[in-house]
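A.B. asks: Letter by letter, the chains look like this.
There are 2 protein chains.
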Amino acid sequence: MSGPVTFWFELASTYSYPAAMRFDAEAEKRGVATIWRPFLLGPIFVARGWSTSPFNIYPDKGRYMWRDVQRICAALELPFTPPPNLPQNSLSAARVATALDAAERPAFARAMYTLQFGEGRDIADFATIEEALRRSGRDPDLTRRARDDQIKHALRQAVEEAQAQGVFGAPSFTTPDGELFWGNDRLETALDWAAAH
Amino acid sequence: MSGPVTFWFELASTYSYPAAMRFDAEAEKRGVATIWRPFLLGPIFVARGWSTSPFNIYPDKGRYMWRDVQRICAALELPFTPPPNLPQNSLSAARVATALDAAERPAFARAMYTLQFGEGRDIADFATIEEALRRSGRDPDLTRRARDDQIKHALRQAVEEAQAQGVFGAPSFTTPDGELFWGNDRLETALDWAAAH
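Taken in order, these protein sequences are the chains called S and V. Per my numbering, the first sequence starts with residue 5, numbered consecutively. Per my numbering, the second sequence starts with residue 5, numbered consecutively.
Bound-form chain S, shown alone (with noise of 0.2 Å):
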């Protein structure tokens, strides 16, 4: 095996649903070892001055990703729903998967990512948590944990060590080497990179 690849998600992210989906089969394709790294853009976005999504800040860019998405949805066979409203409140979901085992992460941040634009789910809403820790195989009762000090501060150390790494945007993959690579576009460059190094 070589890597790790690390791949951090914020929950939040359109582009973050289909690298979801496909990260784990692509690296095991490669031989490539995976971390999944739930963090937030939200404080990364404060600290440029944005105080939502920067697809809501420049509207014709957010028409754009959503056309682009749908366009990568239907390639994949994915299901695509938008959800209400951009970007979702996804701290208690980040706060949730922080709280479970590295092993258990990745099935249940997919459950949330078809929960959100494959259904339409308020990601905000604790019944959507549960459901996605229910379609993970987790207990549904682990929602308890986002009001837990300690994940609390789990999660703001994840958003530490993504800036520290230059992380600005999700989905990121970095490398054991100090790469970084940005973007659903750039999942296959990232891990043909850590086979290659």
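Treat the hints as calculated values from the structure; they're not laboratory data. All of these numbers come straight from a predicted model, not from anything done at the bench. A portion of the hints provided could be inaccurate.
Restricting the straight-line Cα-Cα distance to at most 25 Å, the calculated cross-link-like pairs of lysine to any residue (SDA-like) are [stated by the list, open to error]:
#1 V:K33 / V:D196
#2 V:K65 / S:P180
#3 V:K65 / S:T193
#4 S:K65 / V:G170
#5 S:K33 / S:R114
Put chain V on the given structure of chain S with help from the hints.
C.D. replies: Structure of chain V alone, referenced to chain S:
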């Protein structure tokens, strides 16, 4: 032949360099006709409230972009020597590209990109534009067309046409059925789309 796919290129755009070097070859593989349209991102960025490149406004994104373009050029075996500053002033070069016949634009544009990002030359310098004309088999004296009112007007119209089609970045690709694709990463997707629709 299907298409045509219109390739909207901004001569100061970093990601347009690898796109310009690949576009015609990838189109030919798929039997898709191409149209090369020079335009300017400056007026589009100004309309968005930006006075310079987003890669300057957001330094983390700028650092990432240079490394990303370097990796892309390495993978394509394209020479890579960044120019002294970003963005270069592409106004005169874009006017000369506008003045050329459609069939002459690709070779001129490729020469301009190679001079700028492969050899680190300043594209606002008329000597660079003359060299690109020479390398693409044209008369270097054509730079005088950059002062032609008709050409200035045609370039302004190209910017308006690009905006009307939703273009907000470069490179962009548009198809006869109204699809917009943004970025060097979408070059193949745009051509595949045109070949299939």
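A.B. asks: With a cut-off of 25 Å on the C-alpha distance, tell me whether V:K65 and S:P180 pass.
C.D. replies: holds (20 Å)
A.B. asks: What's the verdict on V:K33 and V:D196, does the C-alpha distance respect the 25 Å limit or exceed it?
C.D. replies: Distance of about 10 Å is within 25 Å: holds.
A.B. asks: Take a quick look at whether S:K65 and V:G170 sit within 25 Å of each other, Cα to Cα.
C.D. replies: holds (9 Å)
A.B. asks: Are the Cα positions of V:K65 and S:T193 separated by 25 Å at most?
C.D. replies: Judged against 25 Å, a Cα distance of about 18 Å means the pair holds.
A.B. asks: S:K33 and S:R114 were given as a pair; does the straight-line alpha-carbon distance stay at or below 25 Å?
C.D. replies: holds (19 Å)
Consistency with the previously given hints is maintained throughout, with no hint failing.
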